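Engineer: Residues per chain are reported as follows:
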Amino acid sequence: MIDFHTHTPSWRTKSWLGGVPFGADEFVAFMDSAGIEHALVLSHDGLFDATPETNDDLAAFVARHPDRLTGFGTVHPRKPDAADEVDRMLGRLGLRGLKLHPWLQGFSMHELALDPICEALAARGGILLSHDGTPPYSTAGQIAALARRHPTLPVVLGHGGLHDTWRESLALTVETDNLYLCICGTPPYAAREILARAPGHKVLFGTDAGLSDRKSQDYAVARVAEIDGWGITDAQRRAMLVDNPRALLAADR
Amino acid sequence: MIVDAHVRLGWGREVELSAWRLIGTMDELGIDKALVAPGERCLAYDNREGNELVSRAAAASGGRLIPYAVANPWRGPDAVDELRRARDGGARALAVDSVLQGFDLLDGLIDPLLEVAAEAGWPVYVRTGTPPSALPMPLASLARRYPQTPFIMGRSGATDFWIDAAPALRYAPNLYGDTCYAPWDTVLNELGRDPEIGPSRLVFSTDAPYTVPAAELRRVQDWPLDEHARGEVLGGTLLRLLG
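These protein sequence lines map, in sequence, to chains A and B. Numbering follows this note's numbering, with no gaps: position 44 of the first sequence is 44. Numbering follows this note's numbering, with no gaps: position 196 of the second sequence is 1196.
It is worth saying that the hints were derived from the structure and are not from the lab. No experiment lies behind these values; they were computed from the predicted model shown. Even for Gly, the Cβ is constructed at its ideal location relative to N, Cα and C. Take the hints with a grain of salt, since some may be wrong.
[To be verified] Computed spacing ranges between beta-carbons, pair by pair:
id	chain 1	residue 1	chain 2	residue 2	range
1	B	1014	A	243	23 to 31 Å
2	B	1032	A	136	41 to 49 Å
3	A	113	B	1081	51 to 59 Å
4	B	1148	A	112	53 to 61 Å
5	A	113	B	1198	44 to 52 Å
6	B	1016	A	233	14 to 22 Å
From just these sequences and the hints, can you work out the full model?
Structural biologist: Dropping the structure here:
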């Protein structure tokens, strides 16, 4: 299975998202314990202070296990060199996409400063994954508006709308061609409904691993195990965990 | 004894749960008792039907199911009458969902219902989360207005207002956190080790039928706690709140 939503530890910032520090080897050991073959690792420090150094750190982390880990860096869209940094991330650093967290990073998806960033990302065949599920700045309607401005860029809703906006995330995934949805922290009844109603190739899964008080990432292991109780079909499970993330990562490369 | 602090019976937009199925799950998981509220439609609209449903289910359960009462506060005096009727039918607590019922926690609409809860000695369950009308901090302010009434912060602000759960619990000593959805190795650890909160201010719930109940129970059982503290979370605290 491919876990489409995990994080590095925070190395440079006092993150309230917390968690213990861990290395890439320890992270792969956690993945083995949960049956995860490949993980998308998203920036953590960069969500609080988006500097090129945080992308360098992320690239070094995933480079220890390039067959198991793929990195998504970040930028702050109001920085004048953000588009150049996206180009460097996907070029020299070998990262695969861009993570944005509009409410933590403090911007709106409607800001036009995002356009050159998305153009640079699309030109490199990258993927944009955004936090969603949290008003005021991280709702699917807002993220889909950006996706419509960049129709060749795959855009992933990183949390499937969480508890209170999942219906909006589902609806926008249905009506927006280049919008995908990652079930991650989404409650089980919503996950079941999303899998029943979203286009079959558009649903992904993530654990949000990396934020635990333990290197073993116990909550992430539990989230994988919990899928057995969702009441979904084997075909839905395979599409979400294997086929869909594999196809999305392979596209445009 | 394991007591589930919150389950909804009946049907909602995407879910459905019968008393028969709930009892089966409780037997399978070793859950002794559960507080049951009516499902979404009856919480929002047909309160009488919902209160009668959970009252009947409780009466037939041999003491395993404990009914919440519900009433939409927009019904004014009729809502107060409905709660008193539910109390006479065996209700032991009040369940509130400001999103489904369409009000703001601090707009005053709910206050007459809280007076009934105070008069009956009921704990009050309030569903929280990301909607502006269901945030943990306003709930803490509301709870402070009724210091003798225990309030349960349903879902503890899951997920992006988990960060408000600890400040809300510190601000209102009569507010209790809810374990459902909350990982022990992030959220519950933080609340449990806080000297102003601790495990005795947290109550276990499955929040069925929205969850995988076995996973909700397993998470609390996996949480490294001493057995006394675990017993408090799994039922001890809630049984005291129920009197």
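Engineer: Which hint numbers does the structure go against, in order from smallest to largest?
Structural biologist: No hint contradicted; all consistent.
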